[in-house]
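Asker: Sequence:
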Amino acid sequence: MRRLAVFLIAFPFFLAACGRLDPPEAGGELVVGIHSDPVFFQKESAEEGASGIEYDLAAAFADELGTRVRFVVAENHLELLKLLRSGKVHFVAAAPVAPGNADLRYSPPLRESTQVIVQHVDSIPIDTPEDLEGHQVETLPGAPELPALRMLQPETAFTVAEVAAGDELGLLKRVAERQADLAAVDRAHFDVAANFYPDLDLALELPAKVSYAWAFRPEDAALLDRAEAFIARIRQDGTLVRLEDRYFGHIRRVGPGNMAQFLELMQTRMPHYRAEFHQAQLLTGIDWRLLAALAYQESNWDPLATSRTGVRGMMMLTEDTADRMRVGNRLDPRQSIRAGSRYLAELMEMMPAEAQEPDRTWLALAAYNLGPGHFNGAKAIAKGLNRDPASWYDMKKVLPLLARPEYYQRLKSGRARGGEAVIMVENIRNFYDVLCRFERPYVPVVKPK
Numbered sequence: 052m053r054r055l056a057v058f059l060i061a062f063p064f065f066l067a068a069c070g071r072l073d074p075p076e077a078g079g080e081l082v083v084g085i086h087s088d089p090v091f092f093q094k095e096s097a098e099e100g101a102s103g104i105e106y107d108l109a110a111a112f113a114d115e116l117g118t119r120v121r122f123v124v125a126e127n128h129l130e131l132l133k134l135l136r137s138g139k140v141h142f143v144a145a146a147p148v149a150p151g152n153a154d155l156r157y158s159p160p161l162r163e164s165t166q167v168i169v170q171h172v173d174s175i176p177i178d179t180p181e182d183l184e185g186h187q188v189e190t191l192p193g194a195p196e197l198p199a200l201r202m203l204q205p206e207t208a209f210t211v212a213e214v215a216a217g218d219e220l221g222l223l224k225r226v227a228e229r230q231a232d233l234a235a236v237d238r239a240h241f242d243v244a245a246n247f248y249p250d251l252d253l254a255l256e257l258p259a260k261v262s263y264a265w266a267f268r269p270e271d272a273a274l275l276d277r278a279e280a281f282i283a284r285i286r287q288d289g290t291l292v293r294l295e296d297r298y299f300g301h302i303r304r305v306g307p308g309n310m311a312q313f314l315e316l317m318q319t320r321m322p323h324y325r326a327e328f329h330q331a332q333l334l335t336g337i338d339w340r341l342l343a344a345l346a347y348q349e350s351n352w353d354p355l356a357t358s359r360t361g362v363r364g365m366m367m368l369t370e371d372t373a374d375r376m377r378v379g380n381r382l383d384p385r386q387s388i389r390a391g392s393r394y395l396a397e398l399m400e401m402m403p404a405e406a407q408e409p410d411r412t413w414l415a416l417a418a419y420n421l422g423p424g425h426f427n428g429a430k431a432i433a434k435g436l437n438r439d440p441a442s443w444y445d446m447k448k449v450l451p452l453l454a455r456p457e458y459y460q461r462l463k464s465g466r467a468r469g470g471e472a473v474i475m476v477e478n479i480r481n482f483y484d485v486l487c488r489f490e491r492p493y494v495p496v497v498k499p500k
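So the sequence shown is residues 52 to 500, counted in the working numbering.
Just so you know, the hints here were simulated from the structure itself, not pulled from any lab data.
All C-beta atoms, glycine included, are put in the ideal place defined by N, C-alpha and C.
Don't take each hint at face value.
What follows is a list of derived Cβ distance ranges for each label pair [said to hold, decoys possible]:
#1 Gly151 <-> Arg71: 15 to 25 Å
#2 Pro176 <-> Glu408: 19 to 29 Å
#3 Glu405 <-> Gly185: 39 to 49 Å
#4 Arg286 <-> Gly79: 18 to 28 Å
#5 Arg488 <-> Glu397: 51 to 61 Å
#6 Pro322 <-> Thr207: 21 to 31 Å
#7 Glu76 <-> Thr319: 16 to 26 Å
Straight line, CA to CA, 25 Å or less: simulated DMTMM-like cross-link-like pairs of lysine to aspartate or glutamate [unchecked claim]:
#8 Lys224 <-> Glu206
#9 Lys94 <-> Asp338
#10 Lys448 <-> Glu490
#11 Lys434 <-> Glu405
#12 Lys94 <-> Glu490
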């Protein structure tokens, strides 16, 4: 699910030694300035590369130009603008469109977001701008929320502090842990952070929205023209909306109460089974954190779980599946975890050859819930509707149709609650995101020979 790229951390002594970049040429290098951000762009380990919608967009643009892509990661928005103005990068990704930056040129917006003020759920509620009086609102240095906050200050006596918290989630963590009173971020960051910190509460929406685009220098007009054509194409052919769904389609699916329970059990119950999930990863090659997310969705990590339909155990296996996977006791967590993991791996192999990650995984999880027969029925419906059965974006719109007579009556597999499968997969995506933030990947120790 990750892609590899070349990265450079922006240090002043390095930048001083570099001249301006020439325009990128075919076979050359496109240099992109970016702020490391858990929501839109995140550098992983050297082996895993990076992830995030801004990474995918810049990499796709580089592919279209016929160049390699290199990212220069800056600490904040102010540093990014310095990189751009000094010609050290070709453009800045995820740049807030700011009227004050008249010396820059922007691509068409790639997204628009509401700006919000966030507080702790146990704080005295802030319902109006007047309630901000006497409070301090924290932002990142040079944050796009600053102009909207300054517009409110003449009317209300509150202070604004620019805090080097690393990123927006670091800022919101300070609020969740009662180290800060209030924080101003965009809605997308709040929605993601609420999964990690369910004690966060949206206090106010600021009066202005912020648009995010790619920022260029005026002298790079030809490159901006190429970017405008690229953005128009990905809007037209559906690439952009699919990327948005890939990264954000599952957000806000799990309520604060359910997420709080997940976080509690992640600390108290899941550790008892961590070693078994590690072993299941060794057996299947599937990230143990994804397997743990699946197990939580199925049973809340309860090895004795039993449903009214007769599925049982940590991975909620049916009798038929347990027999086929040679499980002697479905209530044995070791047997259940290993069998459920092997079953998911089999389903992933059964997905359409055209299905790429992460779609292949999400499709296989839906098949885990429905069974292969019902899932194949949904694929048949998708083809009849000219939907792509290898795309999770398309299939999650098709799966609920399995409950409608005009569709399931034509299927050998009959009726199924396909909408529940969609909810299950989107929940797992949320739980997996949280586990990836708080739990390390499992890298088995190889003993020297």
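Asker: Which numbered hints turn out to be false for this structure?
Answerer: 2, 3, 5, 6, 7, 8 and 10
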